[in-house]
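Below are the chains, spelled out letter by letter.
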Amino acid sequence: MKSYRNELWFCTAGRREFVNITPKVEDAVRKSGVKEGLCLVNAMHITASVFINDDESGLHADFEEWLERLAPFSRDGYRHNRTGEDNGDAHLKRSVMGREVVVAVSDGRLDFGPWEQIFYGEFDGRRRKRVLIKIIGE
Amino acid sequence: MKSYRNELWFCTAGRREFVNITPKVEDAVRKSGVKEGLCLVNAMHITASVFINDDESGLHADFEEWLERLAPFSRDGYRHNRTGEDNGDAHLKRSVMGREVVVAVSDGRLDFGPWEQIFYGEFDGRRRKRVLIKIIGE
Amino acid sequence: MKSYRNELWFCTAGRREFVNITPKVEDAVRKSGVKEGLCLVNAMHITASVFINDDESGLHADFEEWLERLAPFSRDGYRHNRTGEDNGDAHLKRSVMGREVVVAVSDGRLDFGPWEQIFYGEFDGRRRKRVLIKIIGE
Numbered sequence: 000m001k002s003y004r005n006e007l008w009f010c011t012a013g014r015r016e017f018v019n020i021t022p023k024v025e026d027a028v029r030k031s032g033v034k035e036g037l038c039l040v041n042a043m044h045i046t047a048s049v050f051i052n053d054d055e056s057g058l059h060a061d062f063e064e065w066l067e068r069l070a071p072f073s074r075d076g077y078r079h080n081r082t083g084e085d086n087g088d089a090h091l092k093r094s095v096m097g098r099e100v101v102v103a104v105s106d107g108r109l110d111f112g113p114w115e116q117i118f119y120g121e122f123d124g125r126r127r128k129r130v131l132i133k134i135i136g137e
Numbered sequence: 000m001k002s003y004r005n006e007l008w009f010c011t012a013g014r015r016e017f018v019n020i021t022p023k024v025e026d027a028v029r030k031s032g033v034k035e036g037l038c039l040v041n042a043m044h045i046t047a048s049v050f051i052n053d054d055e056s057g058l059h060a061d062f063e064e065w066l067e068r069l070a071p072f073s074r075d076g077y078r079h080n081r082t083g084e085d086n087g088d089a090h091l092k093r094s095v096m097g098r099e100v101v102v103a104v105s106d107g108r109l110d111f112g113p114w115e116q117i118f119y120g121e122f123d124g125r126r127r128k129r130v131l132i133k134i135i136g137e
Numbered sequence: 000m001k002s003y004r005n006e007l008w009f010c011t012a013g014r015r016e017f018v019n020i021t022p023k024v025e026d027a028v029r030k031s032g033v034k035e036g037l038c039l040v041n042a043m044h045i046t047a048s049v050f051i052n053d054d055e056s057g058l059h060a061d062f063e064e065w066l067e068r069l070a071p072f073s074r075d076g077y078r079h080n081r082t083g084e085d086n087g088d089a090h091l092k093r094s095v096m097g098r099e100v101v102v103a104v105s106d107g108r109l110d111f112g113p114w115e116q117i118f119y120g121e122f123d124g125r126r127r128k129r130v131l132i133k134i135i136g137e
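Chains as they are written, first to last, in numbering that gives the first Met the number 0: chain W, 0 to 137; chain V, 0 to 137; chain S, 0 to 137.
Okay, chain W solo, but in the shape it has when bound (with noise of 0.2 Å):
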């Protein structure tokens, strides 16, 4: 069994922002030289997610909409934010996005249906953070 692990960094110029890491993770599963397994994605931290989706500004806009109406940002609506931090909100968005995906490796390649991309959900940006790459197979 091989395995492999990768960590990407980010630190988004905005509190909430979707990047699209596909072409990220793709090149760890190349370096990987795994060609069937699998492949987690995941978030390290608690306030962010990793989630698939379609590459569509649109719709990202409505993602964002949509958690900021399930969700909505409060300074003062949150128990955890007496802990002086004002982050309850993602908290609460990345649960509903996700913390991780684990897609499928054959083949040496993510194995995608059509439309399907992966997507770093920041929703307390403008702070050093990380996602986990983690491979194993063969």
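Heads up, none of these hints are tricks.
Copies of one chain are not kept apart here, so a pair can be met inside one copy or by any two copies together.
Computed list of lysine to aspartate or glutamate pairs in EDC-like fashion (alpha-carbon distance at most 16 Å, straight line): (1) K30 / D106; (2) K1 / D106; (3) K1 / E137; (4) K23 / E6; (5) K1 / E35.
Read the hints as simulated data drawn from the structure, not as lab findings.
Fit chains V and S to the known structure of chain W by using the hints.
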């Protein structure tokens, strides 16, 4: 290490539908010959889900109604629909229900609790769409 | 390839509860002898979750309140409850928080960011319920 890959195809009659795919995944586990490992089952399309829950029709009606409340169908209410689609809501619904499940394979079988069943969740049907099954282990 | 399987049992005093299971999962990783691999941790019941977030009591109270808003407890409000259950809301809450996490194992340890902790999320407690840990790798 063994690996096994299979696709399931769907073309649901309705726009939204939940299909129990547990027997098909069990069949894939048998064919894989894997006794101990992990089984990934994921929607290959970004307006569909794979999730685990109870096979109870009342619960499925509750899911349907609840998802419609969280992310209602609306032809004009999503920026994504300006691309000519009308499935903006389906992208959001799928985000709530999830893209994938990872299930343990133990002693050659899906390692499930008493009520766990795997469902394909379609939110923009009447099109040919796919689910990927990938099993690794030995 | 090595594989390891273990179950954790719970019977929470309250209907809803979040239990930090990180030490028990770390213990399983040690016992597995796996140095590089993947660790799946999943609820075996469909009204419970396994998720990763911060171990901060204010945040947990925020989660509780938020989930109650998204999917309120209601004896008569869910078709599922006509089966004699009163846990329709718990199925929905678990869908938001997720069934499972997959965590990388690197150098014999859970490969975590600074604040990541694994929780069992109970939404219909006071019953004996289980979590499955499955680790593969080498």
